[in-house]
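2 protein chains.
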Amino acid sequence: MGEQGRRNGTRGCIIPIGGAEDKVRDSAILRRFVRICGGRRARIAVIPTASQDPETGARYEETFKELGSREVRTLPFAERRDCERKDWLEVLERADGVFLTGGNQLRLSTTLGGTKAARLLRRRNRKGLHIAGTSAGAAILSEHMIAFGAEGPTPHADMVTLAPGLGLTARIIIDQHFRQRDRLGRLLTAVSYNPTAVGLGLDEDTAAFLGPDDVLEVAGSGAITIVDPTEVEYSSMDSSQQHDPVSILGVRLHILVEGCTYDLRAHRASAPAPREER
Amino acid sequence: MGEQGRRNGTRGCIIPIGGAEDKVRDSAILRRFVRICGGRRARIAVIPTASQDPETGARYEETFKELGSREVRTLPFAERRDCERKDWLEVLERADGVFLTGGNQLRLSTTLGGTKAARLLRRRNRKGLHIAGTSAGAAILSEHMIAFGAEGPTPHADMVTLAPGLGLTARIIIDQHFRQRDRLGRLLTAVSYNPTAVGLGLDEDTAAFLGPDDVLEVAGSGAITIVDPTEVEYSSMDSSQQHDPVSILGVRLHILVEGCTYDLRAHRASAPAPREER
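Chain order of the listed sequences is E and B. Numbered according to the numbering used here, the first sequence spans residues 131 to 408. Numbered according to the numbering used here, the second sequence spans residues 131 to 408.
Worth double-checking, as some hints may not be accurate.
Said to hold, decoys possible - Label-pair distances were calculated between CB atoms; the ranges are:
id	chain 1	residue 1	chain 2	residue 2	range
1	E	Ile385	B	Asp212	25 to 33 Å
2	E	Arg249	B	Pro342	20 to 28 Å
3	E	Arg215	B	Asp343	26 to 34 Å
4	E	Asp212	B	Glu209	47 to 55 Å
5	E	Glu223	B	Glu196	55 to 63 Å
6	E	Asp217	B	His373	34 to 42 Å
7	B	Glu223	E	Gly139	31 to 39 Å
8	E	Asp344	B	Asp152	39 to 47 Å
9	B	Arg170	E	Phe278	48 to 56 Å
10	B	Lys195	E	Lys216	52 to 60 Å
Calculated directly from the structure, the hints in this document are not laboratory data. Note that beta-carbon positions come from the ideal geometry of N, C-alpha and C, so glycine has one too.
Just need the whole structure built from these sequences, with the hints factored in.
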């Protein structure tokens with residue numbers, strides 16, 4: 131029984147990773163995920179649906195076994211009807227942690243969206259199942275998902291396409307490969323449509339471990355860019371032509387590295403403090 | 131005290147209207163809204179934020195008074211800081227019904243999103259406040275809002291831009307002026323990104339009265355097009371180029387007119403039956 135069993139009734143962790151996480155050196159992010167899921171007792175399910183590469187699932191399976199998980203199963207949902215397969219739903223029902231690989235987030239949402247598998251993931255996360263995802267697998271975790279968009283630092287009204295995601299939380303909008311692909315503009319655009327969710331720009335090999343208290347902690351070798359729009363005084367989003375740059379006044383920005391935390395309820399960033407690991 | 135008071139604890143109605151609703155002849159939709167809010171006891175707040183026309187609020191105020199409401203107040207939130215005004219929040223706190231006018235839904239979401247006013251509307255709707263909106267005011271009611279998009283019957287991957295809405299329900303995505311502006315393609319696109327929410331295409335002068343049991347009833351002179359994607363077997367959304375047409379297999383479509391109902395939990399449409407009005 132993983133930690134999920136011990137804290138029955140509280141939400142499991144939600145762990146978006148910015149892509150290209152280390153799998154061969156110390157695998158810090160994946161190792162921490164396995165530990166949270168119960169370490170040697172952890173049962174992990176890998177969903178490689180986003181990926182076109184048929185080997186993706188097997189590679190993560192191997193990594194999670196090397197990191198000491200008790201049981202790892204790959205569930206290669208390829209068509210919508212796969213998402214009703216009882217034997218695979220059974221695996222999700224028993225898992226301590228689920229890992230969504232990278233690839234194309236629209237392949238994930240069009241395959242899983244509205245199926246029994248998606249409902250089960252939502253329901254079990256509320257009861258303690260930990261769900262991690264990298265790149266496309268990170269994008270889909272929240273209610274509002276960045277499906278695709280353009281590069282560049284300046285927001286434009288049509289710079290990004292949002293779609294419904296898996297819906298584990300509505301407090302964040304996630305972007306990944308963040309500094310590697312110059313995505314500040316599209317994340318600013320995404321949060322400016324409605325300044326209610328906080329934008330999380332995840333660099334590669336960097337993860338947010340978001341606990342049931344809605345406090346996230348940064349892990350990995352890069353940074354997380356927090357785009358907090360709750361104090362925005364004005365934006366021209368509603369009056370801009372679609373290709374024009376958009377002005378936004380009063381965004382609060384934080385760049386957080388390993389050990390920093392961010393409280394999504396209080397909208398407060400904190401530097402690392404000596405304390406027990408969450 | 132309106133009906134909201136009597137069914138304390140259950141969600142208030144959510145009433146998207148397709149725009150251009152009759153205000154001068156029998157005003158059937160607006161009359162029904164007033165009746166649900168308590169008729170002669172109804173306290174109604176009008177939010178004209180979406181509109182550029184400074185007279186919009188006053189016109190609805192007059193209409194709702196003519197229809198017999200006890201008290202009507204216009205709250206012209208124009209800037210984000212207006213959404214923290216205590217006297218206006220007080221009005222929302224006491225209202226039996228709130229009406230969002232038409233205009234530009236991005237003006238609504240950029241002005242209200244993430245403010246005290248938005249949080250209050252969500253909270254009070256869960257406890258019984260009825261919230262209606264027409265056109266832009268309809269679009270914003272749900273969690274996923276169509277911000278803008280292109281016309282035409284065939285879906286394309288980049289045909290529509292979604293944004294977070296007011297979030298009263300995640301079960302529907304709303305489009306308005308539906309047959310008048312040939313919007314089937316963009317609604318199909320919106321639901322295809324993630325086949326979990328049901329698309330509601332509202333004709334002008336047509337409303338969905340969505341009760342706390344997640345059953346909606348159609349009222350007005352036009353039709354509501356229901357686009358139910360829950361049995362979709364396949365779509366090419368994830369593999370299409372942005373300007374290519376997208377194929378979708380297995381959408382269930384219903385065209386509903388006055389008196390028809392649709393159950394958003396069971397995904398079941400019903401023809402009008404002789405029964406007491408909901």
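>> Does the beta carbon distance between E:Asp217 and B:His373 stay inside 34 to 42 Å, or does it fall outside?
In response: Holds - the Cβ-Cβ distance for E:Asp217 and B:His373, about 40 Å, lies within 34 to 42 Å.
>> Quick check: does the Cβ-Cβ distance between E:Arg249 and B:Pro342 fall within 20 to 28 Å?
In response: Because 21 Å falls inside the window, the suggested range holds.
> Could one say that the CB atoms of E:Glu223 and B:Glu196 fall in the range 55 to 63 Å?
Replying inline: For B:Glu196 against E:Glu223, whose Cβ atoms are near 57 Å apart, the range 55 to 63 Å holds.
>> A range of 26 to 34 Å was offered for this pair. Does it hold for the Cβ distance of E:Arg215 and B:Asp343?
In response: Holds, since E:Arg215 and B:Asp343 (Cβ atoms, about 31 Å apart) stay within the stated range.
>> For the hint 47 to 55 Å, verify it against the beta carbon of E:Asp212 and that of B:Glu209.
In response: 49 Å, holds
> Honestly, do B:Arg170 and E:Phe278 meet the 48 to 56 Å range at C-beta?
Replying inline: 52 Å Cβ-Cβ, so the 48 to 56 Å window holds.
>> Just to be sure I understand the hint, the distance between the Cβ atoms of B:Glu223 and E:Gly139 should be within 31 to 39 Å; is that true here?
In response: 32 Å, holds
> Between E:Ile385 and B:Asp212, does the C-beta distance stay in 25 to 33 Å?
Replying inline: Holds, since E:Ile385 and B:Asp212 (Cβ atoms, about 32 Å apart) stay within the stated range.
>> Given a hint of 52 to 60 Å, does the C-beta separation of B:Lys195 and E:Lys216 actually sit inside it?
In response: Because 59 Å falls inside the window, the suggested range holds.
>> Holds or violated: the 39 to 47 Å window for the beta-carbon distance between E:Asp344 and B:Asp152?
In response: For B:Asp152 against E:Asp344, whose Cβ atoms are near 45 Å apart, the range 39 to 47 Å holds.
In this structure, every one of the numbered hints holds.
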